[in-house]
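Novice: Position chains L, V and Z relative to chain F; hints supplied.
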Amino acid sequence: MQTVTIKPKSELTISVEAENISPDKFAGKSEKDIQSLEVWLGNHKTTLGDLFTIKVEGIGTAADVKIVMEGNFSRVKRIGEGMTAGLIMIKGDVDMHLGAKMSGGKITVAGNADSWAGREMKGGDIIIEGNAAYYLGSGYRGESCGMRGGKITVLGNTLDFAGEHMCGGEIYVNGNAGILAGISNNGGKIVIGGNTSRPGSEMSKGTIIIKGKVDEMMPVFKLEGTEAVDGVTYNKYTGDVIGNGKGLLYVLV
Amino acid sequence: MTTEITDALCPFCGCNCDDITVVVDNNRITGVKHACRVGTAKIMGHHRIETPMMRADKKSEFKKVSYDEAIEGAARMLAMSKRPLLYGWASALCEVHKKGILLAEEMGAIIDNTATVCHGPSTLAVHEKGLPSSTLGQIKNRADVVVFWGSNPVHAHPRHMGRYSVFTKGFFQEKGRRGRKVIVVDVRKTETASMADEFVQVQQGSDYLVISAMRAILSGHADVVPDSAGGVQKEQLVKLVDTLKGAKFCGIFFGMGLTQSISRYKNIDNAISLTTELNSFTKCVIMPMRGHYNVAGFGQVCSWETGFATAVDFARGAPYYNPGETAANDLLMRKETDAAMIIAGDAGAHFPADSVRHLAKIPVVQIDPYWNATTEVSNIVIPVAVCGIEVEGTAYRMDGVSLRYRKMIEPTLSTDVEVLERITERVKELRGV
Amino acid sequence: MELLIKNGSVYDPVNGIKGDRTDISIRDGKIVDKVSSSASVIDAGGRVVMAGGVDAHSHIAGAKVNMGRIMRPEDTRLGIKPRTKITRPCTGYTVPNVYAMGYRYAQMGYTTVFEAAQAIMKARHTHEELEEIPIIDKGALTLFGSNWPTMDFVREKNMDKLAAYVAWGLLASRGFGIKCVNPGGGEMWGFGKNVTGLDDVVPNFEVTPREIIVSLMKVNETLKLPHSVHLHCNNLGKPGNYRTTLASMELADQVRARKDRQVLHVTHVTFNCWGGTNWGDFESKADEIANYLNNCDNVTTDMGQLIFGSATTMTADGPVQYANAKLLHAKWANGDVELEDASGVVPIFYAKQVSIHAIMWAMGLELALLTKDPYKVLLTTDHPNGGPFVNYPEVIALLMSNKKRQEEIKTLHALVNDRTKIPGITRELDFNDIAVMTRVGTAKVLGLLDTKGHLGAGSDADLSIYDIIPDQIDPSIEHAKIKSAFSSAAYTIKGGEIVVKDGEITATPAGRTYWVDATVPEEQTEIMMKDIRHKFKNYYSMNLANYAVQDEYVTHPEVIKAGAIPVEVS
Amino acid sequence: MTLKVNLITGRTIDQGVTIENKTSSDYQEATAYCELNSKNLEILGKPGSNVRVKTRYGDVVVKLKENNGNPDSIAFIPMGPWANAVVDPDTRGCGMPGFKGIPAEIEVTKDKILLMKELIARYK
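Protein chains in written order, with the numbering used here: chain F, -5 to 247; chain L, 5 to 437; chain V, 336 to 905; chain Z, 38 to 161.
In case anyone wonders, no lab produced these hints; they're calculated from the structure. Any given hint might turn out to be false.
Claimed, not checked - Under the rule of at most 30 angstroms between Cα atoms (straight-line distance), these lysine-lysine pairs were calculated in the DSSO-like manner:
1. L/LYS63 / Z/LYS91
2. L/LYS63 / Z/LYS161
3. F/LYS199 / L/LYS249
4. F/LYS1 / F/LYS95
5. F/LYS240 / L/LYS249
Said to hold, decoys possible - Okay, the calculated bits of chain Z under chain L, using three or more residues with CB under 8 angstroms as the criterion:
6. 57 to 66
7. 107 to 120
Glycine residues also receive a C-beta, built at the ideal position from the N, C-alpha and C atoms.
Chain F extracted, bound-state conformation:
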């Protein structure tokens, strides 16, 4: 087991690009090695040790690495980007691109996550106890696939375009989602505990379950009757009909 504890040295206004905060990058490294890993503060190249206090106990492979982040990381982007294993526990807020392209391991956030959390995620687990902003588990500009695997859980709310271009994996949002959740869903599963609007537009595959209210339904779904999922009765829709999509949209009756 290798435990790495990270705390901010000062309040940040400019976002730090810190894809090096990842079990894969820390594995087997000493405190000094980790402190000297490169991060970018705007156009200024600096080191992790320059911006954060870092403590390391033990040593291990990526799967054995546990990164504990204490404090406000709302200006630290790309934490856990591309990680394949291990654990990151963030006891505060985080900036954009949390766990982007990750394929394994687990990230937990006690606070809120900014946009693009779990972007193009392939596997692993992200749990956000607060809110997530825009483009939760989405794709990158122009790509046809966003999230492909893994699981994202948000205990609070999320904003627009959650699960955009999802090709696989699961997103669970306890609270509300903004507009166009699951837009262009190509095979992922999205469950929204609260309310949303215009869900499932252009979906071709996959499932979206909405346990709250849908403010505005897209006029592109065919009502197939009602169906019970886990003991709850939903209106079952198929669509988006424009592309003869085979998506399933369940909305609480």
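Specialist: Positioned in the frame of chain F, the structure of chains L, V and Z alone reads:
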């Protein structure tokens, strides 16, 4: 001595009219023919900033300084910055854009243009769906159905309908206006809507639903479409789809009604899909009504130089692009920007209060011929010659056709290119590159 | 400035040098017979030396290339490289930015590249980009095949007016030669339709593709243009189109070349040698095309080789792009130009297990290997249609190694065995053949053999040294080494300057832009211009005065004189 | 009296004519107003009277103007500093702030319309 310049180009809107006659008397423009009111006003000119100005804090008055002092001050301000923003560019020529991108590279800056509050979302939609479009002459020669969706050319592009889309005659459209059906889709009954053959009034923010309903109808799924969508009766939508399908050539022109309302770029994404799908039945093209005469040019230059159309972040030496993260308002709203250069665009007037509030707090250098709202939040103001009137160079029309602007009169001030070259040289020295 | 390249294994087919150890002398950007003892010396150490690569068909600049970039940020983010002290930042794989375009060609040892299509009305844009592409020399072919004046003059059978229009169009676009894409189809696409063969009549213009092609070939020869007509055949992208391609090639017999080159260049044949009647019985007919080429001497072609992975298709063939977008459910850009043809851009992913793609992969190779004379089949990927140009070394390795081909075939959809001849072809090309397909042949096809494609005295000092010692390598077995050596030149020398060393850019001089200034009698131009003025007054959306590309957009011009009347030598 | 509206902003020809002349009274004339249809307008007063437009994001005083092309409860302010005092800054992950579709309240006021310079001075 009075001379007349014919076939001159208008440096105002994305129509880039190239049939203007300008009367010049003793290096002064004394008359403009063929241009619209907006173009005439721009070409005839306004009150100008005459010399560079500086001030230590934003609340004090400006002091007149030399170009040398202003450029030195600007370079020092920018060289110190960790998150500089270079914003504007729409009223400048492509030659200026190239210099701007080079400066952004040298400084590790973010460069963004006014499309970010205009057709930036259209670019995001093009990433999703492409852009089935054409040059404007295709509309002129062929279109028998013309749709203005969330755009109001009577106000924003006064000669568009006359030159390209509605009243003009063309090879296959000998009757001009009488041979075309004009449809306006908008929230308000605008002056353009009043001139249309059909007005489709949508509920504000509901264009996305309307377009999806039309696509469902077009693909033979009218049965799932409810009685009304986005405030428009299904009956009218069915009729509208029939009209578009039945066209020989249909041109759709969209504006801020789609880019700025809720759903943002997904509105355009959806409209592009509608256009693509209409091509199974007829010929249909779609085009953004670009605002400034060279806002499109910045997108072109930035794309070939960096690979990305706008909102490019050079902080790490290689271009990175992600509007929502790297666009001007994203950064200003998050208060990340620590110095800004605003050039050929007026962030002070056209950004939301929160963004302007941040601009008011950080060092700002402005490069512009005119005193505007950005001047009010600037520390250093460097006046320049007016591109397209006093400076020659390239601009791109809304349909992507590039045109060369000739000089109408000789400039009396430095040009954007000269100022940027000097700032870049000095920034390089200061940053020790 | 003098430079001596000693001890290279030189492949210079034009001058009869086939791997012999030969010294190359360079002075002031040109190859000379001898240099003084004070010349700088590069010891090639027995490594392969060839003239700088010449590419006659690649989409490197202009409206549709930039549309490819704009619509594909997912491509731009590939191949990202920060700036260095010498180089600007690089981005993109299938649609690189202008800097990557120049650097990557130079890194492969290429020094001259021609953009394959520009509409006159959008030529200014093409040149804006060409100006920004570092290092390489370049030029652009101008589209004429669906232009209204072309069709009007063909209908009137007035070859004088057509010749005058082509000459004027080349000047207006600063173009290098006549590109003809799906002739007639571009106009019909204006109303969403297409032609289906050489004899369809284009409505309103009452001409056929056959008449357009033959007329353009005729005026091409009247004008004695350096290059021939460069044809993208009708019916591209449709199974069974090899018949149209053969019929188009036969048209070359109707016209006699007035220069020492082909009458017709048929481009990216991978997309035009399709057999079968639908996607189910789709098969390669590359052998039929090769057979035709083996029995004719007035037509040349290029491969348009398919490369597995991501590609961005872009062409003036508007209707085929719409069909592609529909078939692939892909994003689609369309760029019709008033009175002047169409265009479209569609991304594609070529997958080894898709039978159509596997068969197409074989087609380009079959064409190159079954055609006896390498001068008749140039090496291209029709960048970025078949795949990005950075994969030329992969194609070279495939052509030089049957072993590599067989290894590759094993990974492909099994139909490649039944629907193509590639499994049974054992021919392996040698360095001399490769030099022809990538240098000499291309230069000859373009009509630039005076100064490009060879290492004789008087030629441009453009050359490349590859880290291959011919007598110490068996390309058939060591194909990976071949690929890697051609990917990353040991030296690229452009105009006598070392621009690449050990695969890294060392200097970024500006390249030149070739264009053709063809003269016709003034009265002939004046008669033709009456039609043109009428079209600008009534149909174009811009004024004639603002149409032609100004000198400011070609700051390093290399003007080739041609024309219907003798050019006075001053 | 307060009127609840959905606020949109956008170009007008006069805004275009004066856009490079922002210190002029013509520019203020062209942009510092709010259009409502006559039915909505009557609730508040007469064309030409001053109103305060308030949103979650700020407030601004502009002149009331009649435009019967507006449907009920749609208010329009030409793009510019006055409109931008009250628009929604959220770029919704797309870089584009909310210039259209902002819930707003309009009330009559005796306060004067700030000059462009004064309006921007509020941000310093």
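Novice: Run every hint past the structure and note whether it holds.
Specialist: Checked hints:
no.	hint	in the structure
1	L/LYS63 / Z/LYS91	holds (26 angstroms)
2	L/LYS63 / Z/LYS161	holds (7 angstroms)
3	F/LYS199 / L/LYS249	holds (28 angstroms)
4	F/LYS1 / F/LYS95	holds (24 angstroms)
5	F/LYS240 / L/LYS249	holds (26 angstroms)
6	57 to 66	holds (count 5)
7	107 to 120	holds (count 7)
Checked against the numbered hints above, the structure breaks none of them.
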